[in-house]
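I would like the entire structure built from these sequences, with the hints used as guidance.
2 protein chains.
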Amino acid sequence: MDIEMIRAADKRLNGYVRRTPLLSSPFLDDIAGRRVLVKAECLQHTGSFKFRGGWSALSALPPEKRKAGVIAYSSGNHAQGVAIAADAHDAPCVIVMPSDAPAVKIQNTRDLGAEVVLYDRDNEDRDEIGARLAAERGLTLIKPFDEPMVIAGQGTCGLEIAKQADAARVTQADVLVCCGGGGLTSGIALALAGDAPGLKVRPCEPERFDDVARSLKSGRIESNNRASGSLCDAIITMRPGDLTFPIMQQHCASGIVVTEEECLRAMAHAYERLRIVIEPGGAAALAAALFHPAESEGDAVIAVATGGNVDKAVFIKALEMSQ
Amino acid sequence: MDIEMIRAADKRLNGYVRRTPLLSSPFLDDIAGRRVLVKAECLQHTGSFKFRGGWSALSALPPEKRKAGVIAYSSGNHAQGVAIAADAHDAPCVIVMPSDAPAVKIQNTRDLGAEVVLYDRDNEDRDEIGARLAAERGLTLIKPFDEPMVIAGQGTCGLEIAKQADAARVTQADVLVCCGGGGLTSGIALALAGDAPGLKVRPCEPERFDDVARSLKSGRIESNNRASGSLCDAIITMRPGDLTFPIMQQHCASGIVVTEEECLRAMAHAYERLRIVIEPGGAAALAAALFHPAESEGDAVIAVATGGNVDKAVFIKALEMSQ
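Chains as they are written, first to last, in the UniProt record's numbering: chain A, 1 to 323; chain B, 1 to 323.
Source of the hints: derived by calculation from the structure; they are not laboratory data.
Do not rely on the hints blindly, as some may be mistaken.
Where chains are identical, the list cannot tell them apart; a pair therefore holds if satisfied intra-copy or between any two copies.
What the hints assert, rightly or not - Below are the SDA-like pairs computed for lysine to any residue, each with C-alpha atoms no more than 25 Å apart in a straight line:
1. K312 / P26
2. K312 / D30
3. K312 / D29
4. K65 / K200
5. K11 / S25
6. K312 / A32
7. K11 / H292
8. K11 / S24
9. K67 / P26
10. K217 / Q249
11. K11 / P26
12. K65 / D127
13. K317 / E297
14. K163 / S254
15. K163 / L22
16. K200 / I221
Below, the structure written as structure tokens:
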């Protein structure tokens, strides 16, 4: 993996990806005690950064492989990103999803034209299911994070951050990224290492699912004890990837761990001050920026709001909690 | 008023205004039966397009007038736009607000450094109060819409729409604009008449407060029977302005009238499909696009989501209504 792969993905995405804005509010600056800039990837097509990786992977496939179709397993956002990219590339698409994923994500994926296969995430292994279906039907498996073309696609978000931070006159800052398997985190870290070396990526995770923070600390891949059971379902993975972890090790600073309640409170602040909708997992970085200010240094912090696909009941809970 | 005044305002705003994105979703296209592009002015600084007019007016004042200070009367969004612009220009700022404005808007205006004076909008005349305070303290009155520099500022939104529609390959479409006194509507109409003559502005208003639609129909300024009593408070005015009406007469097609319930449903769709927060008055144009498709023609429609400052209780009501 290198930054040239990200630049190549950026060319393939150009004209299709939404160049998402960097938002801010003096009210959020007051809470954090420094400038807070929010990269609003919840405004990306399908409501999360996963569109970037999905499009990058689909557009990089040889035509005959695209024609045979693709398969992906995902808690929802990767599914939607791959589904819409497959549809735009006229590729058949099968999505393997956990049966406890938010209903809205399952329905959206079907509505985007994909065939959805559900599995039990506590008792079944999605990798195994994905590999079997791929073999049976001749589909190309598009992994959610440990896949070079996916990492390259997510990295395009980092190229944008580098330009937008420069325009905002921010050259030294932590870049807080909501982190699951590390596809977005490692992609952004690679892009910034090349284009904005003063911007340092910090992975942000919910407590009890802080495999990346622990892995960065110990210097080897650590796993979580459980595969589900967090409101932050969008960024829950068992462990960082074999490809993503070495990149994070080389380019990221230590991780920040937040609580679910902090994520819900960050969602309410994003609603009120930025007028954007973010999901619990997509709020981990903003929660770190707002409620863990002592863990960062400098005059500014950049938080990536990675997604905005959240069931209404959870969003209402977040708003009511902070009234 | 001419487009050169809008281009001049755009130069003064450059580097300060947020160039808001044009959002879309295949799910919204399905509802409307045509492409729907949403200009997300709720993502503007202070959460509405009013920042543009406020900044335009403040930046156009001679330095000695700026130093003496400004005054504005507003249901909330104009107040915040003027307050933040005044603060950035080091100008003292008094805001006259109706006592029934959403609490969040009153508090935000105070937090932005302005002095807030409340009045009863059914029994007091805000123009009179504003004029008196301006005379007593030597302040410059910045009217919410019937003011050339304000119209020029709002018109910068139209310059952006012209460019963004062209990039999206939309050259013939209705541009639906949530309309109160007509500052934004006339500004966008002037800008598009020059830069994108195939885009036709249609004012959108809530029922019972459709003064602009009726005025365009009768050919003379018509008034509403009441000054308050709608969830769409942000776009409630008694009548179109003496400056804005002739511009709308010359450049706008007929108005579209929507119900409050349609605005709430449009808010829920914007939450779910675009991940943006819009207020009831800021949802009138999207409501017209989604629920009055027969009143427009063509393959695409552009709806301006004018603002996103909404009390949590109202937003929750909108989400629960459409569950």
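Checking against the hints above, which ones are violated?
-> Of the numbered hints given earlier, those the structure breaks are 4, 7 and 13, listed in rising order.
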